[in-house]
Amino acid sequence: MNLERRDFLKVLSAGALTAGNVTSVFAGIRKTLSADAVGILYDGTICIGCKACEAACKQYNDMPPESANLEKATGVDGIWDESYDLSEKTLNKIKLYEHGDASTHNSEENGFAFVKKACMHCVDPDCVSACPVTALVKNDATGIVEYDKDACIGCRYCMVACPYNVPKFEYAQAIPEIVKCELCNHRQAEGGIPACCEFCPTGASLFGKVTDLLEEARKRIKLVAGSTYEYPMRSLDEGDVSPKTVAPYINYIYGEKEGGGTQYLLLSAIPFTKLGLPELSATSSASKSEGIQHGIYKGMIAPIALLGGLLYGAYQTTKNSEG
Amino acid sequence: MHEKQALGGRLLTKPFWVLLTLAMIAGLLLIKRFLFGIGAVTNLSDGYPWGIWIVYDVLVGTALGCGGYSIALLVYIFNKGEYHPLVRSALMTSAFGYTLAGVSIFIDIGRYWQMYNVFLPWHINVNSIMFEVAACIGAYVFVLWIEFSPTFLEHRKSLETKKKLNKFLFFFIALGVLLPTMHQSSLGSLMIIAGEKLSPMWQTGWLPLLFLLTAITMGYAVVIFESLFSAVALKRPLDETPILGKLSVMMIPLLVLFLLLRFGDLIWRGQLGNIFNDGMLGAFFVVENVLFLIPIIMLASAKNRMKATTLFWSAGSMILAGALYRFDTFLVAFNPGVGYHYFPSASEILITVGIISIEIMAYLIFVKKLPVLPAIKHS
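If you're matching them up, the sequences are chains A and B in order. Note that my numbering has the first sequence beginning at 3, numbered continuously upward. Note that my numbering has the second sequence beginning at 972, numbered continuously upward.
Heads up, some of the hints might be wrong.
Coverage of chain B stretches by chain A, computed from C-beta distances (three or more under 8 Å per stretch; other residues unrestricted) [to be verified]:
| # | stretch |
| --- | --- |
| 1 | 1008-1021 |
| 2 | 1166-1179 |
Some chain A residues flagged as far from chain B (calculated, every beta-carbon gap over 12 Å) [claimed, not checked]:
| # | residue |
| --- | --- |
| 3 | Glu84 |
| 4 | Gly113 |
| 5 | Glu148 |
| 6 | Lys211 |
Keeping only pairs whose Cα atoms sit at most 27 Å apart, straight-line, the calculated DSS-like set for lysine-lysine is [unchecked claim]:
| # | chain 1 | residue 1 | chain 2 | residue 2 |
| --- | --- | --- | --- | --- |
| 7 | B | Lys1128 | A | Lys321 |
| 8 | B | Lys1133 | A | Lys321 |
| 9 | A | Lys321 | B | Lys1138 |
| 10 | B | Lys1206 | B | Lys975 |
| 11 | B | Lys1217 | A | Lys321 |
| 12 | B | Lys975 | A | Lys321 |
| 13 | A | Lys91 | B | Lys1003 |
| 14 | B | Lys1339 | B | Lys1134 |
In short, the hints are calculated from the structure, not lab data. Quick reminder that beta carbons are idealized off the backbone N, C-alpha and C, glycines included.
The following block holds chain B by itself, in its conformation from the complex (with noise of 0.2 Å):
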């Protein structure tokens, strides 16, 4: 067994303050929000209806949310038990993920009241994709604190709990990565029926697929830098650097997998030329896909791997590079037509920041007051 150790220390730090104000300018900012309706607070259109509350907060805020499923799938289901110090942080970050993914979606929906609607029978349309969405990440969020809990059992000392709640765990760890393979392709089958208003390039079958293989690499990813930049900024020494480094190789051929099939669909389709003749769009196409390939060159050989700043930056274009393409695929290459125009008002920025804070204050609580990060070996 790993030993996992609660941190300690001041919780009221400055950086803390700073997050605090920020949470507490996105609650106002949400009052405001539900007296006087969405608009009082978005540049949402009609054209537009989706905005950074979906696309950053549902859409990225998941995939970063990936790191508990891609690491379960390593440790629990491919049997690779030298990753299991990795499954506690991740699956609490992933924890918060989903739940303030599912957070904004109670905000960005305009008829909020009748949200649970979507698990009545008698509502649901099982040809919606919509509703597998839903019905998965709500069902996943439900799931992640359970896998989570052993964590607050410790803490508490109910080690008989825990030994009751391990008995059954697997059941929970199977649906924990069953869901996420469901909704993560979903999310990205979700623009299908938007059809022609999705530019070609990025516009296909392979959407599910193609959100999917991102959804887990995005996770692996997650993982390393999450776990690098807490170490440096959390004043810990880089112990893990030797398993992130092997945790990274996963990503390799996820990645080339991705770009294959999406060039491959792309010539077949023979919607490649369209990088060349689409002037802005062409342009996003390309630095999405090469920050794509940044983590493949980066990692391909086994020394660079074991350096912490080489797997920072390549951890960090990865993430950057499935936001980009999520941000690409829902708003930028998303064209309802002449006359609409989309760029976030100030008011949803600042709401989406204070979610983000609300996160980041979650997570410090959590390794400072509960056993979450592995034990600092003394020598």
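For reference, chain A alone in the conformation it holds in the complex (with noise of 0.2 Å):
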């Protein structure tokens, strides 16, 4: 008995050694861009708040809008859409920054600005990390994160995992879904852009390969606050430009590096956490929760070495036993 003990202790310290691998399985950066991979530079210092996008948004998706609280109260319903955030019934949500008497564009101090929140579209998305069923899935060519409802089982795991809340699930439904921006990609299937870049009359939302959005982004923080620019509407790809003055930039394209980057990117005038964007570290922690469960289980050595000693241990311990 005292050899099938030390043997099991040995699996055991195996096991532990596996686990106490947890800094090195700290992976970093482990999934890029895909050559092809489609998204959205949004600028928030060009965006004039007229929620275009939100309508557009909510017409192309088949979205119903939110009712207001003046039309909750009068009976009246479906006229103004007032959503506060993003939600099952909104994919996309222009919000407000005020500061002070709020009278400067793109300020921090005594300003306003914007910021459109959506999926971020994740290189590494913790997400599909997260889902156990597969219904979310990273599209291999354009990179979108999609959503099929016939696998999802509902765990709201994606929503935990989540680092900007985007996946939201219908709670006042019987037979409930979770819901996300997938990028338009039903529109984008017949030749399409996105609805919100389409219809946002400013060129804020801009659709276009994340590389060229990337290299756009990359112009724009160097530009001379007080130049005039020629912004390029709706999609890269279309030439179509509008000259604006520009904004004094913040050195930084949100979505470059969070979480392992992101196909959504951001632009800004004032500071990101100041619009409500989280702060995260440059890998994504899909790749930490992955990097230590496949630590532990990796080629299922440890499980069936540890059930191989329990085997043993169970079988000599009950051998001679009624039970």
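Please dock the two separately framed chains into a single complex, following the hints provided.
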């Protein structure tokens, strides 16, 4: 019996060693953009907060308006949309930053600024790693994070995992689904671009290949404040431009590095934390959790060895007993 | 062989009626949940997608169901036959705890009719900690009932079948140790992916080991607590105190290891100072660790360990510690961002209370009708 116990302890210590590898398995950046990855560059400095993107998003994704409080009070319904944030009925959302007397656009002090919230289409998405049934998938070519309701079991682990709280759940439905932006892939399939970009009157939401968008973003943050720049409209490929005065950009592209990078990039003239965007490490949480899990379960060697030891131990102790 | 006997006695006692009423209230609320959605009965939100159904019923519930695992580890793997009298009732509580955790998952998940997708090879995602947890818990519920089945066979006097089953029971006993080792650690790993949303005092790569250590310790604590509590409640003699005292020693090295690992990790990551900077969270952290410390101190002397009251309170403190650690990791220290708050709704709590009631009723039915508890020695 001493022998079997020693064997068992050996197995246990092997398991502990694997688990002890915690720091070394904190992998670096492990996933890169696909060549054809598409995304959006949202430039908050030229956004005028008109919410045309929101209306277009609802129209082309068949999303219902969220009743305004005034409407609820008067019994009229569905005329005004008054969503507060992203929700199961709202896939993108313009939010306002205000400070002091809110007199100056793009100013942190006594100013105001806009930010557009939507799915970031992460390069290494935590939600995709979290989903137990592969209901969330990152498209190999476009990099769009897509949802399959026929696979989903509604466990909401994707919501726990997403650092931006993007996936939403239909709590008010008996037959609920997870709802998130899929970059209008139904419109792209017909040669179109996401509705929010097509209907943006200023070019604040700009569609394109992520590599091109990153290049465009790097160009913009180097522009001299007060100069004039010809901002592309709708889609980078279209070539349509609109000249505007350049705001004092923060020298940072949000989404270039966050959690391993995102396909939705943001530019701003006020600090991103003031806009409610989280400060994240340069690697995804998924790379850490998968690193540890795959470290422990590498080739299923540890569990199988452990089971072997357990089978031996259990057999030895029960073979002569009546249970 | 240790003699077991059914307690007998009246089933429909006053407490039983109270439990039955609570279970029926939960049943009515569940009808509402399935007709009008999860939002109709819970305070869950997009920021807090998991509430007490997951954190109490599943996380704490399965940890409380670790008695069978912890005792099997001792008896069958480390060959400590002297604890054999505790196996049967421990397995029974485990079977209830895990089965009802499974029921709670079914209630909590939105698209429950597709739950089996977790077991379909073309759907599963091996990168998902949730897949590991779901598959392992599902399999373990099955294993637990097989491990417990000799009790039914004895009751029905099917001794031939029992003999046959005994031949390959060792296989299920081994699985019954492997599976909880896997999923109790993975239950901790679940929160690694929550990244910056979980306070750095709780967020660590060591979550799997910390969860595993507390699960095993809670397993021993539950066996002690339940044994003493049922002895008093069912008016049985406190015959088991010496063996429970011996068992309680197991908790000390596990808890010391847990605390060393936890504080070592915090110091290593330079996060220990947060205890004082983080207001409420710091307080929760301190209370949690004091509760972990109490059983170590109370059980340190061999003389104290033989007192039923010491055992009772130290086991109680351990259970609270493990439960609070799980609540903190999944709810209290989880902050999805400005504007989100969570406190369970009355309906949510009543459904959980109903599930606990069903568990206690099942316990009463089983110990009164089946040979689960050790026979009382008449001297």
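Taking only the CA atoms, is the gap from lysine 1206 of chain B to lysine 975 of chain B under or equal to 27 Å?
Within the cut-off at roughly 17 Å; holds.
Minimum Cβ-Cβ distance from glutamate 84 of chain A to chain B exceeds 12 Å:
holds (16 Å)
Do the alpha carbons of lysine 1133 of chain B and lysine 321 of chain A lie within 27 Å of each other, as the hint requires?
Since the Cα atoms of lysine 1133 of chain B and lysine 321 of chain A sit roughly 14 Å apart, the hinted pair holds (cutoff 27 Å).
Can we confirm that no CB of chain B comes within 12 Å of the CB of lysine 211 of chain A?
Given that every Cβ of chain B is farther than 12 Å from that of lysine 211 of chain A, nearest at about 27 Å, it holds.
Does lysine 1003 of chain B sit within 27 Å of lysine 91 of chain A, going by the straight-line distance between their CA atoms?
Judged against 27 Å, a Cα distance of about 23 Å means the pair holds.
Starting from lysine 1339 of chain B, check that the Cα of lysine 1134 of chain B is at most 27 Å away, please.
Between lysine 1339 of chain B and lysine 1134 of chain B the Cα gap is close to 24 Å, so the pair holds against 27 Å.
Compare the distance between the alpha carbons of lysine 1217 of chain B and lysine 321 of chain A with 27 Å, and conclude whether the hinted pair is satisfied.
holds (26 Å)
Tell me if the straight-line CA distance from lysine 975 of chain B to lysine 321 of chain A falls inside 27 Å.
holds (21 Å)
Since glutamate 148 of chain A was said not to touch the interface, does its Cβ keep a gap of more than 12 Å from each Cβ of chain B?
Fine: 14 Å to the nearest Cβ keeps glutamate 148 of chain A off the interface.
Coverage claim, chain A over the stretch 1166-1179 of chain B, checked by counting residues with Cβ within 8 Å (three needed):
holds (count 6)
Taking a Cβ-to-Cβ distance below 8 Å as contact, does the stretch 1008-1021 of chain B have at least three residues touching chain A?
holds (count 11)
Hint consistency between lysine 321 of chain A and lysine 1138 of chain B [alpha-carbon to alpha-carbon, up to 27 Å]
holds (8 Å)
Against the hints set out earlier in the document, no violation occurs for any number.
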